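Chemist: In terms of my numbering, the sequence shown has 109 at position 109, counting the first letter as 1, and numbering is strictly consecutive.
Treat the hints with care, since some could be wrong.
[Said to hold, decoys possible] Using 25 angstroms as the maximum straight-line C-alpha spacing, the simulated SDA-like pairs for lysine to any residue come out as follows:
#1 72 with 15
#2 92 with 52
#3 92 with 123
#4 60 with 46
#5 74 with 10
#6 10 with 165
#7 60 with 16
#8 120 with 70
#9 46 with 16
#10 3 with 50
#11 72 with 44
#12 74 with 62
#13 74 with 140
#14 20 with 44
#15 3 with 51
#16 3 with 41
#17 10 with 40
#18 92 with 79
#19 72 with 127
#20 72 with 3
#21 120 with 62
#22 10 with 44
#23 46 with 161
#24 120 with 145
#25 57 with 14
#26 92 with 70
#27 74 with 15
#28 5 with 15
Derived from the structure by calculation, the hints contain no laboratory data. This one's a predicted model, so the numbers in the text were calculated from it and none came from an experiment.
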Amino acid sequence: MTKLKDIDFKILFGLMKNSKISDRKLAEIIGVSQPTVTRRRARLEKEAFDGYTLVPKWGKLGYEILAFTFVKTKQTLGLKEKYKAAHERGTKWLMNHANVIMSGGCRGMGMNGFMISVHKNYSDFDSFMAEHKRELGDTFTDVHTVLVNLGGSQILKPLHFKYLAEGK
Numbered sequence: 001m002t003k004l005k006d007i008d009f010k011i012l013f014g015l016m017k018n019s020k021i022s023d024r025k026l027a028e029i030i031g032v033s034q035p036t037v038t039r040r041r042a043r044l045e046k047e048a049f050d051g052y053t054l055v056p057k058w059g060k061l062g063y064e065i066l067a068f069t070f071v072k073t074k075q076t077l078g079l080k081e082k083y084k085a086a087h088e089r090g091t092k093w094l095m096n097h098a099n100v101i102m103s104g105g106c107r108g109m110g111m112n113g114f115m116i117s118v119h120k121n122y123s124d125f126d127s128f129m130a131e132h133k134r135e136l137g138d139t140f141t142d143v144h145t146v147l148v149n150l151g152g153s154q155i156l157k158p159l160h161f162k163y164l165a166e167g168k
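Construct the complete structure from the given sequences, taking the supplied hints into account.
Modeler: In structure tokens:
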């Protein structure tokens with residue numbers, strides 16, 4: 001991938017604020033021609049974008065809970081064969097659960113894995129965690145979860161990527 005230029009960042013940040021904006025309007029805002037935006041957007045879509053997405057109003061979709069779950073895997077998984085098998089099984093399980101919106105390795109608090117998931121209610125979350133333990137419990141020694149009430153008054157700054165563009 002070629003190095004991003006200032007114009008590429010302007011286009012990227014403009015789309016992070018509003019991915020529905022037309023090339024013509026974006027060109028007006030950043031001060032270049034519409035064909036320039038169209039060409040550079042096409043290149044960015046191939047080289048720098050992971051996709052277009054929107055940030056939903058979780059409550060309107062029926063979700064009440066956002067869960068951050070941290071796990072510590074068993075040391076015996078350090079053996080190459082065991083690690084590969086457990087990794088493949090864990091990845092398959094995560095990919096089969098649409099409510100898991102991100103997962104991966106991490107460092108800190110003595111944990112080395114995480115997942116972020118959304119749930120309709122506490123019963124849904126509880127069933128999900130029971131299945132997680134039943135299906136993958138043999139691969140970890142410790143699990144900690146932090147729950148966020150998506151409908152509560154404690155949300156001070158909602159999840160949105162526009163903040164990254166504004167903070168550039």
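Chemist: Evaluate each hint against the coordinates.
Modeler: Hint by hint, here is what the structure shows:
A C-alpha spacing of about 37 angstroms is found between residue 72 and residue 15, which places the hinted pair above 25 angstroms, so the restraint is violated. Of the pairs offered as hints, the one joining residue 92 and residue 52 holds, with about 24 angstroms between alpha carbons and a cut-off of 25 angstroms not exceeded. About 23 angstroms separates the Cα atoms of residue 92 and residue 123, which keeps this hinted pair within 25 angstroms; it holds. Note on residue 60 and residue 46: the hinted pairing is violated, with a Cα-Cα distance of about 32 angstroms set against a maximum of 25 angstroms.
Restraint check for residue 74 and residue 10: the C-alpha separation of about 45 angstroms exceeds 25 angstroms, so the hint is violated. Taking the CA atoms of residue 10 and residue 165, the gap is near 9 angstroms; set against the 25 angstroms cutoff, the hint holds. Between residue 60 and residue 16, the direct Cα distance comes to roughly 22 angstroms. Compliance with the 25 angstroms bound is thereby established for this hinted pair. With a CA separation close to 20 angstroms, the supplied pair residue 120 and residue 70 stays within the 25 angstroms bound.
As the CA atoms of residue 46 and residue 16 are separated by approximately 16 angstroms, the hinted pair is consistent with the 25 angstroms bound. A hinted pair counts as satisfied when its Cα atoms are at most 25 angstroms apart, and residue 3 with residue 50 qualifies at roughly 16 angstroms. Only pairs whose Cα atoms come within 25 angstroms are accepted, and residue 72 paired with residue 44 is rejected, the gap being roughly 37 angstroms. Taking the CA atoms of residue 74 and residue 62, the gap is about 35 angstroms. The hint is violated against a cut of 25 angstroms.
A hinted pair counts as satisfied when its Cα atoms are at most 25 angstroms apart, and residue 74 with residue 140 qualifies at roughly 5 angstroms. Under the criterion of a C-alpha separation no larger than 25 angstroms, the hint pairing residue 20 with residue 44 is consistent with the structure, at around 16 angstroms. Taking the CA atoms of residue 3 and residue 51, the gap is near 19 angstroms; set against the 25 angstroms cutoff, the hint holds. Of the pairs offered as hints, the one joining residue 3 and residue 41 holds, with about 14 angstroms between alpha carbons and a cut-off of 25 angstroms not exceeded.
The hinted pair formed by residue 10 and residue 40 meets the criterion: a straight-line CA distance of about 11 angstroms does not exceed 25 angstroms. For the suggested pair residue 92 and residue 79, the alpha carbons sit about 20 angstroms apart, so the restraint of at most 25 angstroms is met. A distance of roughly 21 angstroms separates the Cα atoms of residue 72 and residue 127; the hinted pair therefore holds under the 25 angstroms criterion. The straight-line distance between the Cα atoms of residue 72 and residue 3 is roughly 37 angstroms, outside the 25 angstroms bound, and the hint therefore fails.
A distance of roughly 6 angstroms separates the Cα atoms of residue 120 and residue 62; the hinted pair therefore holds under the 25 angstroms criterion. Straight-line distance between C-alpha atoms of residue 10 and residue 44 comes to about 12 angstroms, which keeps the hinted pair within the 25 angstroms bound. A hinted pair counts as satisfied when its Cα atoms are at most 25 angstroms apart, and residue 46 with residue 161 qualifies at roughly 20 angstroms. In summary, the hint linking residue 120 to residue 145 is supported, as the alpha carbons are separated by about 16 angstroms, within the 25 angstroms threshold.
For a cut-off of 25 angstroms, the pair hint linking residue 57 to residue 14 stands: about 21 angstroms separates their Cα positions. For the suggested pair residue 92 and residue 70, the alpha carbons sit about 18 angstroms apart, so the restraint of at most 25 angstroms is met. A hinted pair counts as satisfied when its Cα atoms are at most 25 angstroms apart, and residue 74 with residue 15 does not qualify at roughly 42 angstroms. Distance check on the hinted pair: residue 5 and residue 15 sit about 16 angstroms apart at the alpha-carbon level, within 25 angstroms; holds.
Violated hints, listed in ascending order, are 1, 4, 5, 11, 12, 20, 27; each of the other numbered hints is respected by the structure.
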